[in-house]
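Visitor: Here is what each chain is made of, one letter per residue.
Number of protein chains: 2
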Amino acid sequence: MNIQFSDRTGAIKASEIRELLKLTERPEVISFAGGLPAPELFPKEEIARISKKVFQEEGDIALQYSSTDGYTPLRKKIAGDIMSQANVNVTEDNIMMINGSQQGLEFSAKLFVNEGDVILCESPSYLGAINAFMVYRPNFVEIPTDDDGMIIEELEKALKTTDKVKMIYTIPDFQNPSGKTMPVSRRKRIAELAKEYNVPVIEDSPYGDLIFEGKRLPSIMSFDKDGYVIYLGTFSKIFCPGFRLGWVCAKPEIIRKYILIKQGADLQSSTVSQLITYRFLEENDIQKHIEKIVSVYRKRRDVMLKSIETYFPKEVKYTRPKGGLFAWVELKENLNARDIFKEAIEQNVAFVPGGSFFPNGGHENYFRLNYSTMPEDKIEEGIKRLGNLLKKYY
Amino acid sequence: MNIQFSDRTGAIKASEIRELLKLTERPEVISFAGGLPAPELFPKEEIARISKKVFQEEGDIALQYSSTDGYTPLRKKIAGDIMSQANVNVTEDNIMMINGSQQGLEFSAKLFVNEGDVILCESPSYLGAINAFMVYRPNFVEIPTDDDGMIIEELEKALKTTDKVKMIYTIPDFQNPSGKTMPVSRRKRIAELAKEYNVPVIEDSPYGDLIFEGKRLPSIMSFDKDGYVIYLGTFSKIFCPGFRLGWVCAKPEIIRKYILIKQGADLQSSTVSQLITYRFLEENDIQKHIEKIVSVYRKRRDVMLKSIETYFPKEVKYTRPKGGLFAWVELKENLNARDIFKEAIEQNVAFVPGGSFFPNGGHENYFRLNYSTMPEDKIEEGIKRLGNLLKKYY
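For the record, the sequence lines run as chains A and B.
Per this note's numbering: the first sequence = residues 1 to 394.
Per this note's numbering: the second sequence = residues 1 to 394.
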């Protein structure tokens with residue numbers, strides 16, 4: 001067989017996380033590798049009850065094709081109850097349903113990026129986004145970050161000095177992989193820069209509601225009067241990822257472009273997922289459910305940070321996330337986290353080496369730790385094993 | 001706002017069908033426009049029972065992230081019970097789950113087609129495929145068809161005389177929009193030509209199981225020893241489209257490429273949809289369910305063909321499908337089905353004008369009729385109204 005693939009196929013790499021997840025599936029592994037929600041928090045009985053009702057009472061709708069933009073009552077609910085949490089005031093005309101925010105990432109690159117165009121992103125950035133964008137063969141310019149995320153002066157410099165910038169990609173809340181959060185002043189400034197330079201901002205906010213300390217900050221979109229910001233939301237972290245349900249929120253004229261892309265890509269997201277999710281939101285208080293999730297994750301974060309303090313060599317640097325799912329560890333420059341991963345997996349502990357979070361490579365001395373999936377005792381035990389392993393190098 | 005879109009965005013058009021469906025949603029419209037399965041045949045009670053059980057007993061799995069290729073027991077079942085109906089002998093390593101076969105179409109163009117490459121397809125072809133492919137800006141070469149579908153001599157001529165052919169796209173069973181079926185000899189020859197010219201064949205078979213007369217013909221893939229044929233299947237027509245579940249069947253080395261594309265595109269198809277569909281297949285006889293669907297659609301086709309015979313002007317040509325969802329009508333060359341659509345919708349009857357099924361335009365004197373959605377009395381009434389309308393022009 002000698003089939004020719006498209007040029008873009010060469011740009012597509014396997015996601016390291018998803019490959020690693022296979023290694024970490026053995027039950028004896030203490031895995032800090034994934035970004036999985038804790039399954040014990042899924043409201044299984046309530047979903048069982050609702051799904052039965054949906055199929056019995058609305059089965060003709062739930063099981064049939066539906067419109068590309070999505071189920072209108074659900075879009076209304078997202079526009080009203082959920083986007084208002086991000087300080088955004090919109091209607092269902094601003095919302096299109098997608099298969100998790102990952103699909104919104106791929107659609108965004110398809111919509112805005114020609115081969116050789118530039119995407120500005122945080123350094124490091126979410127590797128799933130890097131993979132989704134890579135298919136369209138952009139150049140990535142990584143914007144340096146400090147404890148408050150993307151450094152605005154660096155972003156502005158890049159906008160000023162770089163040709164063909166077509167997209168700014170950012171995760172302002174509890175960033176993946178770093179756990180960092182961007183303060184209000186920076187959010188406001190990004191919205192201004194988007195307008196000044198006519199560049200759309202993809203604001204990816206899967207973790208915005210998972211807040212351990214303080215209040216939710218207004219989204220970048222909340223400072224945008226002109227439609228430059230496109231917001232991606234998802235039910236994967238506040239409800240259940242198995243439904244594969246997220247949304248794009250943008251100006252209606254931009255949403256219409258996303259709808260055309262969605263039509264060609266897969267017609268529509270699952271009607272079944274949309275109706276069950278809608279009914280759940282109607283009959284339950286999602287904010288209460290989020291509080292429950294947050295209280296569990298907060299404790300797990302606390303245990304992880306305390307264990308790192310106790311067991312890691314003092315010289316190792318790490319972030320102290322105030323929400324979300326991840327902490328980010330920086331080793332001495334001469335250490336390679338991929339090598340340490342191999343040793344760790346022999347000890348039945350897993351994490352994600354940090355190199356893949358940098359689209360232009362390098363930075364192999366970082367790794368990402370997830371604390372949402374493992375129970376507290378395992379978190380302590382896993383960090384202890386990792387710490388012992390790291391001590392050899394310090 | 002002055003955001004720049006990618007060049008490919010200009011190539012994306014709204015699907016005429018989905019725009020028309022909006023016009024035809026009024027309950028008083030007798031619609032032959034969609035390709036919707038009859039919702040009264042959805043096994044609602046059984047799905048209600050199964051979904052409750054799945055969430056209660058396997059909720060931790062059903063509601064969680066899962067692997068990109070799909071739920072292994074379901075892939076096994078498709079490889080065994082379902083692909084064998086198409087005379088194909090494969091294992092789960094040949095199967096990846098997708099969001100309906102539409103997603104497989106988009107992925108295929110992404111995988112094989114650079115800008116300016118050539119796709120060979122039937123004339124006419126499925127407009128959803130044309131739209132999915134269009135994003136990658138190919139040139140379409142339409143292969144003329146006769147009553148048996150794609151004419152092989154014309155296909156061979158095109159392969160011989162055209163540069164940069166990267167894909168042959170075909171719907172051999174009860175084609176959309178024509179309802180035509182390709183005989184065994186042609187299927188065999190397409191598999192041979194694919195190998196001879198090193199060109200992959202996308203065999204799209206959403207209607208293969210909906211057989212009104214005779215037996216299912218072996219798929220093109222069944223004649224392919226070398227991995228040139230990629231088969232797209234779907235549960236939308238034999239079960240329920242609301243789950244958005246289909247599959248790609250191909251050689252494992254090709255499936256691995258599709259998995260990489262799927263990772264970037266949306267990580268995975270809905271775990272919820274996959275587990276419910278798997279349980280349904282485990283606890284029910286899908287072939288029995290298909291027989292039930294077929295017996296209803298067969299009667300509706302009979303009523304439609306008989307009504308056309310009774311009410312249409314004798315000069316109007318039309319196909320007599322032996323399965324699937326569609327019949328295809330050819331008017332005098334000087335008539336434009338888009339104009340007639342406007343008159344028809346005023347009479348509360350809808351169909352899809354045929355022009356959009358030809359990627360290079362022209363052929364406005366055709367239209368497509370669907371007979372799966374409307375009950376028999378409405379089919380007769382709708383065709384009668386259409387016939388009266390057409391009589392003005394003959």
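Wrong hints could be hidden among the right ones.
[To be verified] Which residues of chain A face chain B? A few of them, derived with a C-beta cut under 10 angstroms, are:
| hint | residue |
| --- | --- |
| 1 | P73 |
| 2 | T91 |
| 3 | L105 |
| 4 | K110 |
| 5 | G128 |
| 6 | P183 |
| 7 | F223 |
| 8 | V294 |
| 9 | R298 |
| 10 | P375 |
| 11 | K378 |
[As the list claims (entries may be wrong)] Using 20 angstroms as the maximum straight-line C-alpha spacing, the simulated SDA-like pairs for lysine to any residue come out as follows:
| hint | chain 1 | residue 1 | chain 2 | residue 2 |
| --- | --- | --- | --- | --- |
| 12 | A | K257 | B | K13 |
| 13 | B | K257 | A | Q64 |
| 14 | B | K22 | A | G80 |
| 15 | B | K52 | A | Q4 |
| 16 | B | K13 | A | R256 |
Keep in mind that the hints were calculated from the coordinates and are not lab data.
Here the structure is a predicted model, which is why all the values come from computation and not from measurement.
Every residue, glycine too, gets a C-beta built ideally from N, C-alpha and C.
Visitor: Determine for every hint whether it applies to the structure shown.
Guide: Against the structure, the hints:
no.: 1; hint: P73; result: violated (15 angstroms)
no.: 2; hint: T91; result: violated (18 angstroms)
no.: 3; hint: L105; result: holds (8 angstroms)
no.: 4; hint: K110; result: holds (7 angstroms)
no.: 5; hint: G128; result: holds (7 angstroms)
no.: 6; hint: P183; result: violated (26 angstroms)
no.: 7; hint: F223; result: violated (15 angstroms)
no.: 8; hint: V294; result: violated (18 angstroms)
no.: 9; hint: R298; result: violated (21 angstroms)
no.: 10; hint: P375; result: violated (14 angstroms)
no.: 11; hint: K378; result: violated (17 angstroms)
no.: 12; hint: A/K257 x B/K13; result: holds (10 angstroms)
no.: 13; hint: B/K257 x A/Q64; result: violated (30 angstroms)
no.: 14; hint: B/K22 x A/G80; result: violated (25 angstroms)
no.: 15; hint: B/K52 x A/Q4; result: violated (46 angstroms)
no.: 16; hint: B/K13 x A/R256; result: holds (11 angstroms)
Checked against the numbered hints above, the structure breaks hints 1, 2, 6, 7, 8, 9, 10, 11, 13, 14 and 15 and satisfies the rest.
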